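So the protein lines, in turn, are chains S and B. Take the first sequence: its position 232, counting from 1, is numbered 637 in the numbering used here, and each next residue is one higher. Take the second sequence: its position 233, counting from 1, is numbered 326 in the numbering used here, and each next residue is one higher.
Since the hints were made in silico from the structure, they are not lab data. The reader is advised that the hints may include incorrect statements.
As the list claims (entries may be wrong) - Computed cross-link-like contacts, DSS-like style, restricted to lysine-lysine with a CA-CA straight-line distance of at most 30 Å: (1) K685/B x K694/S; (2) K694/S x K723/S; (3) K566/B x K532/B; (4) K572/B x K532/B; (5) K536/S x K554/S; (6) K554/S x K431/S; (7) K572/B x K431/S; (8) K536/S x K510/S; (9) K694/S x K566/B; (10) K572/B x K694/S; (11) K748/B x K705/B; (12) K705/B x K685/B.
Since this is a predicted model, take the numbers as computed values, not measurements.
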Amino acid sequence: MLADSNEPLKPLTAKREESSTEPLLKVEDLVKYYPLGRQGFFGAQRGAIKAVDGVSFELCRGETLGLVGETGCGKSTIARTLMRLEEPTSGAAYFKGRDLFALSKAAIQALRREMQMIFQDPFASLNPRMKVGQIIAEPWVVHSGIVPKEEQSQQVSELLERVGLPASDAYRFPHEFSGGQRQRIGIARALALQPDVIICDEPVSALDVSVQAQVINLLAELQTDLGLAYIFIAHDLSVVRHISDRVAVMHLGRIVEIGNEHEIYTRPTHPYTQALLSAVPLPDPEGRKGRNRIVLEGEMPSPIYPPSGCSFRTRCWKAESICSEDRPQLADRFNHGHPSACHFAEPHILATEKMAGSISAQTIALDR
Amino acid sequence: MTASDRAGLRDLEEPVRLITARSVLGALLRDRLMLFPLLFLVVLAVTAIGADFLAPHDPFDQNLRLRNLPPMTASASETSKFPYVLGADPLGRDLLSRLMHGARVSLAVGLSSVIASGTIGILLGLVAGYYRGWLDDIVMRGVDALMGIPGLLLALFILYLVGAGFWNLVLVFALTRWMIYTRVTRGMTLSFREQPFVEGAQTIGCSDSRIIFRHILPNLVPPILVLVTLEIAIVILAEAGLSFLGLGIQPPAPSWGRMVATGRDYITNAWWLITFPGLAILLTALTLNLMATWLRTVSDPTQRWRWFTGRSEQFHDPETEIVVPRREQSSRGSMDISTSPPGTAADVHHLLEVIDLRVKFRTPYGVLNAVNGVSYTLNRGETLAILGESGSGKTVSAEAVMGILDSPPAFVTGGSVLFDGVDLLLVSQSRRRRLCGEKIAMIFQDPLSALNPAYTVGSQIAGMFQEHRGTSKREAIAKAIELMERVRIPSARERAQDYPHQFSGGMRQRVMIASAIALDPDVLIADEPTTALDVTVQAQIMELLAELQVETGMGLILITHDLGVVADVADYVAVMYAGKIVESGPIAEIYKRPAHPYTKGLLASIPRADQKMEYLQPISGAPPNLQSIPSGCPFHPRCAFVVDRCFVEPPPLYKVRQERSSSCHRFEDVMHAS
């Protein structure tokens, strides 16, 4: 149920009960267009940036759904519309059975308690003029009745320790911390409202390499301990693989392939997923000679004028005339349990089978 | 990783101190140049507040026998034992006393007006900037309309309607000056409302008013403070002007503007009547403006060091004395193992040889030790990867090689950079600039900021030929198009006419590469060339760089934090930590069996796309503060192999085997630990 404010304090550090098999969050056909304004004062509408163009997925309790894709694929817009930082153009998102987008402003405020967000930039996501303790306790000031005032400092200490910082840090300002520590503070603030879902928008991509693992491990630990569900948005396919149970690959506002982590990373069927995975640099200097890469030609198409049919066809080496006429639907073509949206989907077993060499891929692309 | 990582530099300026009232006051008291204005303002404030007690005479006390008394003449009158230091006015009133009381009027008008107009303006700006939409339109069109009317005209009109007097004057200034605050506040609110911390406040359910007043407003304080200071000066001047016209403060109340107006009539026979109030106005306005400039610099953490480093003696610190970049001929003769480049005999002729390079940053908070003795060599056709996190000194060391350090605050304090046997740090500025543009080229993480937005990319690439080769414009453009084709920019001929913003990130990086290889450099330094790019584009660019290197045989230095990118292209790798190379050698060997715990830790802590790892083994702690690098081995606080000697004894670069070195006392244990 929504916002049962009499919940005792303990669940801050206790695992929540599994209630039902119904998904916690169900997004249906989410669309977000940013209109471009008019041509002149009386002119016609100039079209729109189609940031998210019909996305559906489910998120279950305690699981992590990774959203990957390149810049401009709409993954962050999904996070922002789900958090109601942006209003969706159309679509529905059922959180515990209630449509997030149909709720009133007051109902949304109550709902904030159960869905929280962690931001990318640890330097910009904390108010520089508030002490860490104030930052973490602010949710309790806004939502009265969660933690009474006299217990707040105690709870702040507990949260800080939970994310691996000393309790005395509550009296310091954000600028006194390193990037990794700030991200821990951001996590503590997100936990303060005891959410069921945390949307992590590139939570480690601004951190130093040696610190990333600390934060990833912390997120994983919290998930095990508190039964949190994550929507984990990142462009780094390695990080996403590590933390996700399921992965959705996005291209130009749409999900082109979705499935569990193992399926996506070992048997991708969509050529875009295959290209992405083959482009990921591996810390493996010895293996580089044997690796064949699919190096895509060209650039991501404009989200204002996406190509007809399949949006990937302009960069795809498999594209044929059907691809420009008929947009492929997400379908499980091989009964692997992971649907992909390609007319010519083929499972690729990355570990054993070598990919189509980069040269042949380019030749095909150039011939056309 | 985002542009925030213009590796090193931003992080070097850390800790970014918060601007608080206390820190500003502290800085003010330390700064000698500001002492005079500060003192003047204090005197002015004390005078204004205490005029009743401090003034030697009653400002209204007329004594017709002392009419137009010149300064310093009459010692005393029968009514008062105090001299008339600045003389007396046409009604025989003491000029000094009137000036002192006038200060009160001027400051009172200034402060009250600024409070009134500031409150109106800031509130409107916050609301307009936060809610945007029609509210914003109405407010801003109002601002535009009012800004279009000359302020003095508007003031005269209002004063004509309501009549002169103190409060009417405040009303006039409130009505004619609020737009400035609205503009500034709205602009900043617009950018702050997009900040993640404001969005964070939204996601936890803060109300609009809480976000505006608790989250946005406190962050606007420093710039508003600057504005307020400037506005006080403007209002004081305007009050003087209006009083001079007879529309401001009414006689007999003393006001500087009024006094100037009176003085004008006697300008030929009583110069002091106009000079002293004029001086008072001038000095006050000047002081406030100086104050505002100072506040603006000090409240901007990225600018603040400029204010301080201009006068270095304030940061004179004998312990961290900076040697200005003049040094004796390179220390090659006395090289021991710690400065010897990895795996090379010192007498072999290398394309590029960096020996014991040191760079420090002088900042208001002390000295940052950015590069602390870096040595490496690069040969023709080789790719050397310099791997490190932000603040490791990888970018700064490359910028020192290129001679493009921002100096101040950065200073090369030692070492040598031998290019083809010539020490670049010792040659003349002009020769160095020529060498670095031609023979050593560099590309950056963010190509958009490295390209000039006002010129077409074709002409920018062509500029390389015109500048260095004296080629004609037409020929240079033809060569530029050739180069653009060589870096595989589709339809290069047409695209040469386009401006940088019309290119995508990947294409822009290709343009950068084209202009970098224009003059066939021997060395190309690529600083995080693909960090801002998507993974598929990243692969394209890396492939291009590798191909160009094979074609031209240039030496490539690849600076990055990404262990994967390095692994794909580099022959050798140098791992940097806290301004030092901690491990170097052939990349395959190092990745297979690292000899430094930091390298080992990095390799164990990164997730991989080709395998699912159950648990990542993180390195504990955070990279060090460059102001106080840990004693002994800089990595010891985070090291799993730490022993007692690591705390005190800085490890030299031990030779691990042919071509490999590691600065760890226990490199053998590290290599043998699984």
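Hint check:
Of the pairs offered as hints, the one joining K685/B and K694/S holds, with about 16 Å between alpha carbons and a cut-off of 30 Å not exceeded. Restraint check for K694/S and K723/S: satisfied, since their Cα atoms lie roughly 25 Å apart, inside the 30 Å limit. Simply put, K566/B and K532/B have alpha-carbon atoms about 22 Å apart, close enough for the 30 Å limit, and the pair holds. Taken as a hint, the K572/B and K532/B pair is honoured in the structure, with Cα atoms around 18 Å apart against an allowance of 30 Å.
At roughly 17 Å between alpha-carbon atoms, K536/S and K554/S fall within 30 Å of each other, so this suggested pair holds. Of the pairs offered as hints, the one joining K554/S and K431/S is violated, with about 35 Å between alpha carbons and a cut-off of 30 Å exceeded. Using a Cα cut-off of 30 Å, the hinted pair K572/B and K431/S is violated, with the two alpha carbons roughly 57 Å apart. Straight-line distance between C-alpha atoms of K536/S and K510/S comes to about 29 Å, which keeps the hinted pair within the 30 Å bound.
A hinted pair counts as satisfied when its Cα atoms are at most 30 Å apart, and K694/S with K566/B does not qualify at roughly 43 Å. Taking the CA atoms of K572/B and K694/S, the gap is near 34 Å; set against the 30 Å cutoff, the hint is violated. Distance hint between K748/B and K705/B is unfulfilled; the C-alpha atoms sit about 35 Å from each other, more than 30 Å. Note on K705/B and K685/B: the hinted pairing holds, with a Cα-Cα distance of about 19 Å set against a maximum of 30 Å.
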